[in-house]
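Just so you know, the protein sequences line up as chains A and B, in that order.
Residue numbering for the first sequence follows our numbering, starting at 295 and increasing by one per position.
Residue numbering for the second sequence follows our numbering, starting at 295 and increasing by one per position.
To be clear, the hints were calculated from the coordinates, so they are not data collected in a lab.
In this text the structure is predicted, and so the values were computed from the model without any measurement.
For every residue, glycine included, the Cβ atom is placed at its ideal position computed from N, Cα and C.
It is possible that some hints are incorrect.
The following label-pair restraints were derived from C-beta to C-beta distances [stated by the list, open to error]: (1) B:Leu361 with A:Leu470: 47 to 55 Å; (2) B:His582 with A:Tyr584: 47 to 55 Å; (3) A:Pro503 with B:Arg624: 18 to 26 Å; (4) B:Asp504 with A:Glu309: 55 to 63 Å; (5) B:Lys510 with A:Leu470: 56 to 64 Å; (6) A:Tyr584 with B:Glu309: 49 to 57 Å; (7) B:Gln482 with A:Glu408: 33 to 41 Å; (8) B:Glu440 with A:Glu408: 30 to 38 Å; (9) B:Glu309 with A:Thr567: 35 to 43 Å; (10) A:Gly609 with B:Asp504: 34 to 42 Å; (11) A:Pro503 with B:Ala297: 52 to 60 Å; (12) A:Asp579 with B:Arg405: 49 to 57 Å.
Looking from chain A toward chain B, a few residues come up when the C-beta cut is under 8 Å (computed) [said to hold, decoys possible]: (13) Gly525; (14) Leu534; (15) Arg537; (16) Ile559; (17) Leu562; (18) Gln573; (19) Met606; (20) Gly609; (21) Ser612.
2 protein chains.
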Amino acid sequence: MEAENKQVIFKGFIEGTPKETDLQVMAGISIKLKAPKGSGAFLVKNLYLSCDPYMRGRMRDFRDSYLPPFVPGKPLEGFGVSQVVDSDNPSFKPGDLISGITGWEEYSLIRRTEQLRKIKQDDIPLSFHLGLLGMPGFTAYAGFNEVCSPKKGEYVLVSAASGAVGQLVGQLAKLLGCHVVGSSGSSQKVDLLRNKLGFDDAFNYKEEPDLDAALKRYFPQGIDIYFDNVGGEMLDAALLNMRIHGRIAVCGMVSEKNLSDPGGIHNLYNLITKRIRMQGFLQSDYLHLYPRFLEDVISLYKQGKIVYVEDMNEGLESAPSAFVGLFSGRNIGKQVIRVARYE
Amino acid sequence: MEAENKQVIFKGFIEGTPKETDLQVMAGISIKLKAPKGSGAFLVKNLYLSCDPYMRGRMRDFRDSYLPPFVPGKPLEGFGVSQVVDSDNPSFKPGDLISGITGWEEYSLIRRTEQLRKIKQDDIPLSFHLGLLGMPGFTAYAGFNEVCSPKKGEYVLVSAASGAVGQLVGQLAKLLGCHVVGSSGSSQKVDLLRNKLGFDDAFNYKEEPDLDAALKRYFPQGIDIYFDNVGGEMLDAALLNMRIHGRIAVCGMVSEKNLSDPGGIHNLYNLITKRIRMQGFLQSDYLHLYPRFLEDVISLYKQGKIVYVEDMNEGLESAPSAFVGLFSGRNIGKQVIRVARYE
């Protein structure tokens with residue numbers, strides 16, 4: 295059994311913001327739909343692929359990171375939801391649904407199974423295993439609960455608030471009884487935050503000439519927790535508006551990843567005067583909490599207490615556009631690519 | 295009984311680095327050596343005054359800080375060691391030695407007693423109550439033990455390492471079994487760190503054209519703990535050299551206090567990739583630990599396990615020069631002014 299295996303090729307290391315031309319959709323490659331005997335590997339059909347900002351870091355030729363760079367000339371890699379087609383591994387059987395790192399292509403041969411999860415299918419959309427129940431959702435859960443030390447009644451700012459991580463942070467904060475304001479980059483997203491995701495308020499940072507003044511308007515009492523998904527100017531403005539013993543969870547710095555010389559953060563002296571704890575984290579340090587996370591979030595979702603917004607692109611051909619859109623904020627909600635429908 | 299009461303007057307709010315001309319030594323004022331009846335106050339003779347970088351913050355007209363600004367036309371205030379001359383407060387008797395906030399003058403009338411400590415005199419120099427046993431020493435103790443979460447064998451960088459705080463941080467780290475390297479601003483200080491204060495190594499940052507390269511040389515394995523007394527470029531270089539799960543205690547930002555537009559910190563993305571906790575603190579949040587601190591540090595000092603270096607200026611006339619010297623790093627060790635000898 296052979297099939298065509300369309301791929302999204304990483305053309306080479308880049309500087310600055312990713313462009314669609316940094317990736318190339320290659321058709322006409324064929325693949326044997328068999329896992330080689332004795333390999334312990336298994337062959338999957340990819341159903342959904344996840345577009346995540348951290349992937350930008352793998353597009354640089356920098357080997358000292360927590361993740362190795364992508365290989366030029368090879369397909370991108372990322373989180374996906376896939377179905378096993380053929381297997382030389384007794385733990386994974388044809389038909390099994392899995393979530394984990396896979397290739398940006400129609401079919402992938404999976405050799406490393408350490409971080410794969412088998413999906414127990416129920417009435418939750420399969421693609422949610424890339425967002426709400428996947429790495430971004432877990433990032434929100436671990437970052438908010440374990441890094442922010444949140445307490446009922448506290449004032450919480452979330453940036454990139456309608457994104458894959460931010461939307462869950464805000465909802466978890468609301469469920470705890472916090473006052474939550476989200477920052478995002480369009481009026482449509484602001485509307486989503488206010489009316490669908492249940493934030494107390496939201497604003498479009500692009501319409502705020504003075505972020506410090508904006509934060510003073512939305513947080514006259516100051517900010518206890520800033521869940522920082524962007525870095526840069528918003529971080530500097532938040533530092534000016536933190537309350538005493540505030541906490542900043544440093545989750546992503548989308549605004550800085552693309553710049554070789556970002557403007558720099560100028561207001562760190564507030565860390566001292568306000569005794570702020572600012573902490574970077576990676577969800578991978580908290581994987582022991584993953585089972586509890588799944589249980590909690592699935593339960594909340596099934597009770598209708600949380601919702602999750604996805605931006606779904608159709609087909610591998612749309613992958614370069616979907617990925618690049620992350621960095622201009624074009625996506626609304628978690629960006630996913632549907633490679634194939636689950637049958 | 296009247297006496298002359300020489301004073302060091304704060305002339306007015308300043309921008310930039312303090313200059314000697316921002317202060318004025320005023321002679322010819324006289325004071326009654328009596329505490330007014332019914333005032334609950336007491337009159338002290340000031341013996342030693344402490345020069346501390348935080349005082350720069352009180353020279354700005356900024357009322358939103360954790361400390362109020364100095365009053366133009368009035369004497370500076372700061373930590374001092376004083377002796378009670380006359381008292382209307384039954385808890386403080388003539389002859390008592392106290393340590394706490396007093397005026398930069400020969401005699402002060404003290405009304406607020408909340409943060410005063412009575413000094414039990416023993417064989418420790420009285421002036422040490424401004425440094426080793428005072429606010430700077432306690433800053434080192436609380437910051438290192440409570441903020442840095444230090445463990446035996448860890449790699450520790452201390453900036454402004456021969457200063458009032460840094461010299462104790464380094465010695466506490468050595469006593470715990472850490473590898474400690476200090477940064478300071480002259481070869482004389484480097485010598486002090488290496489040969490008197492027991493640091494494993496030390497360097498003169500002014501002779502290092504590339505701080506990142508310097509840190510890579512002194513910490514080929516990376517830095518677990520950075521006790522940051524300076525901010526600025528050293529902080530940016532340290533961020534590049536932190537180890538995974540490193541900790542940065544943000545204690546002072548001498549290099550930033552004087553600048554209206556510091557260059558900015560550019561390497562905060564390391565907080566994420568290395569999961570660093572960066573925490574500002576003030577010693578005043580940890581005052582419940584003060585009794586234990588005194589007991590611990592006095593014991594260590596009496597056993598000869600720690601030493602403490604002071605830079606002593608003689609006479610109130612030298613106060614402007616002593617204070618200003620802090621900001622050019624002219625002092626070697628804790629800067630103190632002797633106003634009068636204890637008799």
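Results of checking the hints against the structure:
Judged by the Cβ atoms, the range 47 to 55 Å given for Leu361 (chain B) and Leu470 (chain A) is violated: they are separated by roughly 34 Å. Take His582 (chain B) and Tyr584 (chain A): their Cβ atoms lie about 38 Å apart, and the range 47 to 55 Å is violated. Here the CB-CB span from Pro503 (chain A) to Arg624 (chain B) is close to 43 Å, at odds with the stated 18 to 26 Å. Asp504 (chain B) and Glu309 (chain A) have their C-beta atoms about 23 Å apart, which leaves the hinted 55 to 63 Å range violated.
Between Lys510 (chain B) and Leu470 (chain A) the CB atoms are about 43 Å apart, so this pair departs from the stated range of 56 to 64 Å. At about 53 Å, the CB distance of Tyr584 (chain A) to Glu309 (chain B) agrees with the hint of 49 to 57 Å. A beta carbon spacing of about 54 Å between Gln482 (chain B) and Glu408 (chain A) contradicts the range 33 to 41 Å that was offered as a hint. At about 37 Å, the beta-carbon gap between Glu440 (chain B) and Glu408 (chain A) stays in the expected band of 30 to 38 Å.
Separated by about 19 Å at the C-beta atoms, Glu309 (chain B) and Thr567 (chain A) break the suggested range of 35 to 43 Å. One distance hint, 34 to 42 Å for the beta-carbon pair Gly609 (chain A) and Asp504 (chain B), is violated here, with the actual separation near 49 Å. In this structure, Pro503 (chain A) and Ala297 (chain B) meet the distance hint of 52 to 60 Å, their C-beta atoms being roughly 59 Å apart. Between Asp579 (chain A) and Arg405 (chain B), the C-beta spacing of about 51 Å keeps the proposed range 49 to 57 Å intact.
With a least beta-carbon distance of about 7 Å to chain B, the hint placing Gly525 (chain A) at the interface is held under the 8 Å criterion. Among the interface hints, the one on Leu534 (chain A) is violated; its C-beta lies about 10 Å from the nearest C-beta in chain B, farther than the 8 Å criterion. Residue-level restraint check for Arg537 (chain A) is violated (minimum Cβ-Cβ distance to chain B is 12 Å; threshold 8 Å). The interface hint given for Ile559 (chain A) is met, as the beta carbon of that residue sits about 5 Å from the closest beta carbon of chain B, less than 8 Å.
Interface hint status for Leu562 (chain A): upheld, as the beta-carbon distance to the closest one in chain B is roughly 6 Å, under 8 Å. Residue-level restraint check for Gln573 (chain A) holds (minimum Cβ-Cβ distance to chain B is 5 Å; threshold 8 Å). For Met606 (chain A), the shortest C-beta to C-beta distance to chain B is roughly 28 Å, which exceeds 8 Å, and the interface hint is violated. This hint is violated: Gly609 (chain A) has a C-beta 32 Å from the nearest C-beta of chain B, more than the 8 Å allowed.
Using the Cβ-Cβ criterion of 8 Å, the hint placing Ser612 (chain A) at the interface with chain B is not satisfied: the shortest such distance is roughly 29 Å.
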